[in-house]
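Taken in sequence, the protein lines are chains C and P.
Going by my numbering, the first sequence opens with residue 12, and the numbers climb by one from there.
Going by my numbering, the second sequence opens with residue 2, and the numbers climb by one from there.
Hints should not be assumed to be uniformly reliable.
In silico contact screen, one side only, chain P against chain C (beta carbon under 7 Å); selected entries [claimed, not checked]: (1) 81; (2) 85; (3) 91; (4) 99; (5) 109.
It should be emphasised that the hints constitute simulated quantities derived from the structure, not laboratory data.
Only a predicted model underlies this, so the values are computations on that prediction, with no experimental measurement involved.
Where is the CB? At the ideal position from N, CA and C, for every residue including glycine.
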Amino acid sequence: MRLLNFWLTHRAELGAMIERHLFLVLWSTLVATAIGLPAGIIAAHRPRIGRPLLAAASIAQTIPSLALLGFLLPLPFIGGIGPRIAIVALILYALLPIVRSTATGLRSIDPAVLDAGVAMGMTPRQLLWLVELPLALPSIVSGIRIATIVGIGTATIAAAIGAGGLGEYIFRGLSMVDSTVILAGAIPAAVLALVADGVLTWVERRLAPGRQRLSRAAPVAIAAAALLVATLAAAEIGAAHPDAIVIGSKNFTEQVVLGELLAQTLERRGLTVTRRLNLGGSFICDRAVRSGDIDAYVEYTGTALAAILKQPIVKDPEAAFGTVRDAYSRAGLSVLQPLGFNNTFAIVIRGADATALGLKTIDDLRRVEAQWRPGFGYEFAERTDGYAGLASTYGLHFTTPPRVMDLDLVYRALATRQVDVIAGDATSGLIKALDLAMLQDNRGYFPPYYAVPIVRSAVLLAHPEVREAFAQLAGRISENDMRAMNAAVDVDHRDVGATVREFLMRVQ
Amino acid sequence: MDGTPHDAPVVSLADVRFAHDGRTVLDGLSLDVAAGESIALVGRSGAGKSTLLKLINRLLLPDAGTVTVDGRDTRAWDPIALRRRTGYVLQEIGLFPHLTVEENVALVPRLEGWSETRRRARAHELLELVGLPPAEFAARWPRELSGGQRQRVGVARALAVDPPIVLMDEPFGALDAITRQELRSEFQRIRRHLRQTVIFVTHDMDEAFALGDRVGVLEGGRLTFTPAAAAR
Numbered sequence: 012m013r014l015l016n017f018w019l020t021h022r023a024e025l026g027a028m029i030e031r032h033l034f035l036v037l038w039s040t041l042v043a044t045a046i047g048l049p050a051g052i053i054a055a056h057r058p059r060i061g062r063p064l065l066a067a068a069s070i071a072q073t074i075p076s077l078a079l080l081g082f083l084l085p086l087p088f089i090g091g092i093g094p095r096i097a098i099v100a101l102i103l104y105a106l107l108p109i110v111r112s113t114a115t116g117l118r119s120i121d122p123a124v125l126d127a128g129v130a131m132g133m134t135p136r137q138l139l140w141l142v143e144l145p146l147a148l149p150s151i152v153s154g155i156r157i158a159t160i161v162g163i164g165t166a167t168i169a170a171a172i173g174a175g176g177l178g179e180y181i182f183r184g185l186s187m188v189d190s191t192v193i194l195a196g197a198i199p200a201a202v203l204a205l206v207a208d209g210v211l212t213w214v215e216r217r218l219a220p221g222r223q224r225l226s227r228a229a230p231v232a233i234a235a236a237a238l239l240v241a242t243l244a245a246a247e248i249g250a251a252h253p254d255a256i257v258i259g260s261k262n263f264t265e266q267v268v269l270g271e272l273l274a275q276t277l278e279r280r281g282l283t284v285t286r287r288l289n290l291g292g293s294f295i296c297d298r299a300v301r302s303g304d305i306d307a308y309v310e311y312t313g314t315a316l317a318a319i320l321k322q323p324i325v326k327d328p329e330a331a332f333g334t335v336r337d338a339y340s341r342a343g344l345s346v347l348q349p350l351g352f353n354n355t356f357a358i359v360i361r362g363a364d365a366t367a368l369g370l371k372t373i374d375d376l377r378r379v380e381a382q383w384r385p386g387f388g389y390e391f392a393e394r395t396d397g398y399a400g401l402a403s404t405y406g407l408h409f410t411t412p413p414r415v416m417d418l419d420l421v422y423r424a425l426a427t428r429q430v431d432v433i434a435g436d437a438t439s440g441l442i443k444a445l446d447l448a449m450l451q452d453n454r455g456y457f458p459p460y461y462a463v464p465i466v467r468s469a470v471l472l473a474h475p476e477v478r479e480a481f482a483q484l485a486g487r488i489s490e491n492d493m494r495a496m497n498a499a500v501d502v503d504h505r506d507v508g509a510t511v512r513e514f515l516m517r518v519q
Numbered sequence: 002m003d004g005t006p007h008d009a010p011v012v013s014l015a016d017v018r019f020a021h022d023g024r025t026v027l028d029g030l031s032l033d034v035a036a037g038e039s040i041a042l043v044g045r046s047g048a049g050k051s052t053l054l055k056l057i058n059r060l061l062l063p064d065a066g067t068v069t070v071d072g073r074d075t076r077a078w079d080p081i082a083l084r085r086r087t088g089y090v091l092q093e094i095g096l097f098p099h100l101t102v103e104e105n106v107a108l109v110p111r112l113e114g115w116s117e118t119r120r121r122a123r124a125h126e127l128l129e130l131v132g133l134p135p136a137e138f139a140a141r142w143p144r145e146l147s148g149g150q151r152q153r154v155g156v157a158r159a160l161a162v163d164p165p166i167v168l169m170d171e172p173f174g175a176l177d178a179i180t181r182q183e184l185r186s187e188f189q190r191i192r193r194h195l196r197q198t199v200i201f202v203t204h205d206m207d208e209a210f211a212l213g214d215r216v217g218v219l220e221g222g223r224l225t226f227t228p229a230a231a232a233r
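Let's have the full structure, built from the sequences with the hints guiding it.
Structure below.
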C-alpha cells in the first residue's frame, strides 16, 4: 500500500526514471548489436581472430559493474559522470552475449546447407545475407534478449554515477534505509526485464527457420521502433538547458538535502538548475567538479583536507578552511563561506549500552574493546583521518576486526546488534530515531567537518548572482537544523524537495 | 543445347592430380565428357568420386593437370559464373531450411536476377517435372517433406536455370529401395526431356548401368571405363 502510494505521488518522476532507464538500455543494446554482430560474424568465420575476441568480451563481462564505472570515470571523451559513461559500461556488458550468440548461431548451421549455397554460385556476401544470417537470426535475437535483460539490471547501478534511471530509487532507498523506496525502483526494473524477455522470446520463436514467418518488414519495424524510442528519449534528455547550473551531491541523505538546498536557492533567484544528485562518494564528486561535469556541490572541510588534498589534519577550523580555500582556488574552484554546522565523524553506540555501561567518551571504549564488534563505511575504514588514526590516538585494539559496509547500512546494523560501535555522521537523523548515543571525542581526534559549497570559479564569474545566493546561506544551518532535515527525510520519509522548501521559507 | 553431342568435350580433365591432407586422391586422371552424355562414377568410398565432381565446378582446384569446362580452364573461370551454370545435387541435399520448397527451387534464378513471376513459373514447372504438384508442395517447408520428396526438390533446385551441366553426388543414396526405383525412372524421364550433360556419383552398380551412358570406375586415383553400352 505504501508502495502504491509512493508510485502515485511520484508518478511523474517514476515515468521520467523509466524513460531514462529505457534510454540507457536501448542505446547501449543498439550500439552493442551494431558492434557485436559484425564481431560475431568475424569470430565465426575466422576462429583465429574470433577466439581472442570472445576472450576479451568475456573479461569485460567479469569486471564488477561499480569497478568498471570507476575505471571509465577518468578516461577522456567517454569518462565523466552522466549517461555517456553508463552507456559505455552497458555496451561492454552487452557485447559478450551478442558476439557469442552470433558466432554460435553461425557455427551451428548445417555444413551441407552452406555447401549447397556455395555450389549454387552464391558470393560470400549472398551466402551471409541469404543463408547464414537468416538461419542464425533466432540465436542472434536470443543474444540480444540476454544483453537487454542484463542491461536492465546493470543500468540500476548507473545511478551511482549520476546517469539516472530506476537505480536512483534503489540508491535513495538504501541511503534512507527504506525498503519501500528500494522496491519502488527495483520492481519496475524487474517488470521491464520480464517484458523485454517476453517480447524478445516471442520474436525469437517467430524467427525460427521454417516457421510462420514475420513478414520481411517486421524485424526492420522492431529495430526502427527501438531506435525511435531511444532517439526521442535522447532528444528529451539532450534538451537540458546548456547554460543551466549543474548541482551535484554525494550519495547519502544529508548530501542530497544539501544539493537540493543549493539548487532551490539558485532557482529562487530565477536561475536554471540541473540536478545531478546521488553521485557516489567524495572522490566522484571531486572529479566531477574539477572536470566541469558539475558546477557546485557541498564538501566538508575535513574531508577536503585529508581525503582530497591529502594534507595533514588541521584541528583549528579557521586554519583548515583557509588551507582548503587556497588549495582549491589554485584548481579554479571557489570554496564559499561555511553553511554553519559541523558534520564531524561521530562514534556512535546504542543508547541502551551507553546507559547500562556508563560509556560517555571514546576513551571509555577501551573497556569493551575485547567483546565489541566495530562496523564502518568504506571511506572511514580507508581514510587516514578514519579508523587507523582513531585507533592510534585512543589506543584502541578491537579484538574483532571492523566489518566494512555501505555507510547507509551501519546505523541499521548497529540498531539490529550486528555490530556494537560505528562511525557515523554527527548530523545523522537516525541517531535520535534509532535511539543511539554519540561518544564524546575527548582527545579532539576528529578534524572539523564544516560544510562548504564548492563552486567552479568560472561559474561565479559568469553568474555573479550565484555567489550572492550562496552567501545568504552562510552560517544559516545549525547542527540541529541539519539533523532535523535528515530525520525528516530518513525517518519520516518526507520528500527532499518539500523538506528543503520548508526550511528555506523558515530562514529567509 | 540442341540435344546432339558436339565434337568438343563439354567437360575435360587432363592428367589431373589432387591430394588432400597429404594423401593423393586423384593421380593422372583424365576424362572427356561429350555434351548430352551421362557419366556414372563408381568406386569405393574415399576413392575421390566427390572430389572429381568438385573439381568440375571449381569447389576445388587440381594440384596438377587441367580441368576445362566449355573449353576454358576452371582456373580462368569466374567461380560464381561457373557454378551458376553447373547444377549440383548434394548427397546431403542441403535444402535451405528457412525457405519454402518454391523459394529453394527459385533461389539460383533469384541470384540471376529473374523477375518474380518468371521465377515462380519456373519453380512450378520444375516441381511438376520432379513429381511434386506445386499446389500441394510449393508453400511447404523442407522439414515437412519426406526424404524422397526432399531429394526431388534438390534435383529441381539444381535444374532451375537450365544449366548445361548437372553434377549429382549420390543423388539417391539415402533413400529406401522403392523410392530409389521411383526416382531412378523419374531421372530417366527428366533426362529424355532435358538432355543435359550429367555426371553422377553412385555406389550402386545397377544404378550406374541403368542411368549412365558410360560407367567409370575410380580406383587408385585413376578412372577406367566399363563399356556400359555393351552391358545393356
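Was the hint right that residue 91 of chain P lines chain C, CB cutoff 7 Å? Interface hint status for residue 91 of chain P: holds (6 Å vs cutoff 7 Å).
Hint status (Cβ of residue 109 of chain P to nearest Cβ of chain C, threshold 7 Å): Holds: closest Cβ of chain C sits about 5 Å from residue 109 of chain P, inside 7 Å.
Identify whether the interface hint at residue 81 of chain P stands, where standing means a beta carbon of chain C within less than 7 Å of its own. 5 Å, holds
Report holds or violated for the interface hint on residue 85 of chain P, using the least CB-CB distance to chain C and a cut-off of 7 Å. At 4 Å from the nearest chain C Cβ, residue 85 of chain P passes the 7 Å test, so the hint holds.
Agreement of hint residue 99 of chain P with chain C interface, Cβ distance less than 7 Å: Where the cut-off is 7 Å and the nearest Cβ of chain C is about 4 Å from residue 99 of chain P, the hint holds.
Figure legend: structure checked against the earlier numbered hints; every hint is met.
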